[in-house]
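Q: What follows is each chain in one-letter form.
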Amino acid sequence: MLLLKKYSKAFELGFQTALEYRLNFAISLVSAAFPILIQTFLWTAIFQASAETVVYGYTFRQMIAYTFLAGLVARIVRTGFEYEIMDDVKTGKFSRFLVQPVGYFQYRLCSFFGNKLPGLSMILGLLVFVLAGLNIFWGVPILFSRILVFLVTIVLAIMLNFLIFYSISAISFWIVEVGFLFEGIRIVIVLLSGGIFPLEVFGERFLQIVNFLPFEYTVSFPINVLNGKTDPPGILLGILVQCLWIVIFLGVSNLLWRVGSRRFVAVGG
Amino acid sequence: MNNVLREIRKHLIIYGLFVKNSVMAQMEYRFNFIGNFSMEAGYLCVKLSYVVVVFRSGVKINGLSPDEILLFIGTFIALTGVYAGVFMINNFGLRTKIKDGDLDIYLTKPVSLQFMATLRQADVTIFSVDAIAGSIIIVIAWRRLGIPVTFVTVGGFIGLIFLSSVVTYSLFLMPQILSFWFMNTSAIAETTDMFWDFNSMPMDIYNRWIQQIGVFVVPIFVITNFPPLFLLHKMPPFYQVWVLLVPLVLFTLARLLWKQGLKSYSSASS
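Taken in sequence, the protein lines are chains A and B. The working numbering puts the first sequence at residues 37 to 305. The working numbering puts the second sequence at residues 19 to 288.
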């Protein structure tokens, strides 16, 4: 009970921080709208010029739906705590967690989910509008069962992305000023997860490589569940693979943090 | 005339020193250099993904072949180096300088305050990554399109890149100057920064209304579209006049706005 109370405070803290910087969040949503707009124009021009009705395995409507959903899902799973971890390690604030009866991983996880909540509800609301729009104007079929499964895959995707970036943030123990590197890694991961273009765009060989990586299960997979490109057996398999990657990254992050925290040095009180 | 030339020479020498200092500062923390490089390389991957999309589709987009689009993307990447490595770093720091009263020290220097405050820093890593990658893409597209290498084509293209840089400087500086009147302009800074990405593809992909706004109202499309249009002989006569006029107009506007803004500056020590 005490444990629950302790980490619910971390959740609350994350929630309050997100509310405090809500204008920033609104601006970041606008920033998500810009690439969506550019890509919509690009795909419109490509489909108009193409003699085929299906390009890269997508019809025009599916491609526009993917573009909109990718922009929103990539925003939903996005982290950001890695910079706070870098700061904690650099400034020595991390030492507080070594002496206090608070697990750093649990604290970060609860704070992350708390921080995600206001934005998540806002984006999910937006998603409802986008889905309703796609359904009403373009007749894109949206099944209620698929929305439910999508919500399951999105929670797993958030968890997986948290663990990927929690593992990456352990670099802070080896390199002090690592913010730019985080940004470089983040943008490549967004690309590999299908957060910018559908992965099919890059060809068969690229897809084969990406299939061995965890990233597509954070953006591309939940979208394909929602838009019906993944069949029910594929969905089940995908959810199992998501869970498998979560277990793997739990192990990887644990190992990296155990080794990394031994290098941590703090001076003073 | 001699005085003007002397002033230009003096400012160029000082700018060389600014760049040298920036390189030295970056080299001091070598991992920052690698981190910066990784970040820009990551963004470059995203820009190149647009090239993949265009080439693998193999279609002519609104009359532009994939090779022609490659020329536009190369120009965009090269000019991103100028925008992000030379101007943005100063633009984003300007509001802090105004807010904290850091312009006080610049006011005492015998060089232009605007020059000192808006060009003092340079991120050589970002500039190099984008300028080199962009130049390579431009050369590839140039060869594939069989554009002759003459004094007119090379000189004209470089000249237009210079004019585009002036447009970039003026256009993206003006929103930052608002910091003289409003203390918190971070939202403005971030929003204007996002506009840059509209150039990631040729303006021909947008509808006519957006194209007109992007050329004449907020001339963002002038920056990365006009140099390739010149090489491809697709520049209408009116654009040829506009490309000479717009840097002058925008620079004058930015200068006037700066002078006006400076009147509202309250020094930290007063």
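Source of the hints: derived by calculation from the structure; they are not laboratory data. Each hint should be verified, as a subset may be incorrect.
What the hints assert, rightly or not - Simulated crosslink set (SDA-like; lysine to any residue; CA at most 20 Å straight-line): (1) Lys78/B - Ala87/A; (2) Lys78/B - Tyr92/A; (3) Lys78/B - Lys42/A; (4) Lys65/B - Glu236/A; (5) Lys78/B - Ala69/A; (6) Lys78/B - Ile74/A; (7) Lys78/B - Thr89/A; (8) Lys65/B - Pro234/A; (9) Lys65/B - Ala69/A.
Q: Below or equal to 20 Å on CA atoms is what counts here, so check Lys78/B against Thr89/A.
A: OK: Lys78/B and Thr89/A at ~15 Å, within 20 Å.
Q: Is it true that the CA of Lys65/B sits at most 20 Å from the CA of Pro234/A?
A: holds, 15 Å
Q: Would the pair Lys78/B and Ala87/A pass a check requiring their Cα atoms to be no farther apart than 20 Å?
A: holds, 11 Å
Q: Just to be careful, I want the Cα atoms of Lys78/B and Tyr92/A compared with a cutoff of 20 Å; is the pair within it?
A: holds, 16 Å
Q: For the pair we were handed, Lys78/B and Ala69/A, check the Cα-Cα distance against 20 Å.
A: violated, 26 Å
Q: Going straight from one Cα to the other, do Lys65/B and Ala69/A come out at no more than 20 Å?
A: Given that 20 Å is the threshold and the Cα spacing comes to 17 Å, the pair holds.
Q: Hinted pair, alpha-carbon criterion (20 Å max): Lys65/B, Glu236/A. Please report holds or violated.
A: Satisfied, since the Cα-Cα distance of roughly 17 Å is no more than 20 Å.
Q: Check whether the Cα positions of Lys78/B and Ile74/A lie no farther apart than 20 Å.
A: Given that 20 Å is the threshold and the Cα spacing comes to 17 Å, the pair holds.
Q: Does Lys78/B pair with Lys42/A here, judged by a C-alpha cut-off of 20 Å?
A: Not satisfied, since the Cα-Cα distance of roughly 60 Å exceeds 20 Å.
Violated hints, listed in ascending order, are 3 and 5; each of the other numbered hints is respected by the structure.
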